[in-house]
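Given these sequences and hints, build the entire structure.
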Amino acid sequence: MKIQLVAVGTRMPDWVETGFKEYQRRFPRDMALELIEIPAGKRGKNADIARILQKEGELMLAAIPKGNHIVSLDLPGKNLTTPQLAEQMNKWLLDGRDVSLLIGGPEGLSPECKQAAAQSWCLSALTLPHPLVRVIVAESLYRGWSINNNHPYHRE
Numbered sequence: 001m002k003i004q005l006v007a008v009g010t011r012m013p014d015w016v017e018t019g020f021k022e023y024q025r026r027f028p029r030d031m032a033l034e035l036i037e038i039p040a041g042k043r044g045k046n047a048d049i050a051r052i053l054q055k056e057g058e059l060m061l062a063a064i065p066k067g068n069h070i071v072s073l074d075l076p077g078k079n080l081t082t083p084q085l086a087e088q089m090n091k092w093l094l095d096g097r098d099v100s101l102l103i104g105g106p107e108g109l110s111p112e113c114k115q116a117a118a119q120s121w122c123l124s125a126l127t128l129p130h131p132l133v134r135v136i137v138a139e140s141l142y143r144g145w146s147i148n149n150n151h152p153y154h155r156e
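Quick note, the sequence shown lines up with residues 1 to 156 if you use UniProt numbering.
None of these hints come from the bench; they were simulated from the model.
Computed from a predicted model, the values in this text were never measured in an experiment.
Treat the hints loosely; a few may be bogus.
In the DSS-like style, the derived pairs of lysine-lysine whose C-alpha atoms are separated by at most 30 angstroms in a straight line are [unchecked claim]: (1) 114 with 91; (2) 21 with 66; (3) 45 with 114; (4) 66 with 91; (5) 66 with 2.
So, in structure tokens, the structure goes:
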């Protein structure tokens, strides 16, 4: 199974790239973690946010291979504990499809992305900066993988 992280934003700070790549490299080949960056629309004083979200959404959905299981990362989504995430990852694996996780930009995800998602996952009730979300998701997925594979990374 491949897990694809489709995220709005390019040219992240070094700490974001370093953090994400650290967890990305730890995944085994049979559960690769891939990052696809979608350029953020230009936001200015008089920006048409609805149009920017729509364009970002179109680009995100176009980046997802047909048949992938889509999960939005969004506030109304389901909160998962680490063991629940590990269990969810097992379900994804048994489903036999690759998974695409969607991370929106500063205003979140487009309505089209939310509608295309089969699941919605909420990392926190707090609003998190979208660059930080990449690192948190990568670490959380790796921790879930470690639980499922009896790897010593996760300790209770």
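Status of each hint after checking the structure:
Taken as a hint, the residue 114 and residue 91 pair is honoured in the structure, with Cα atoms around 21 angstroms apart against an allowance of 30 angstroms. About 26 angstroms separates the Cα atoms of residue 21 and residue 66, which keeps this hinted pair within 30 angstroms; it holds. The straight-line distance between the Cα atoms of residue 45 and residue 114 is roughly 26 angstroms, inside the 30 angstroms bound, and the hint therefore holds. For the proposed pair residue 66 and residue 91, the alpha carbon gap of about 19 angstroms is at most 30 angstroms, so the pair holds.
The hinted pair formed by residue 66 and residue 2 meets the criterion: a straight-line CA distance of about 13 angstroms does not exceed 30 angstroms.
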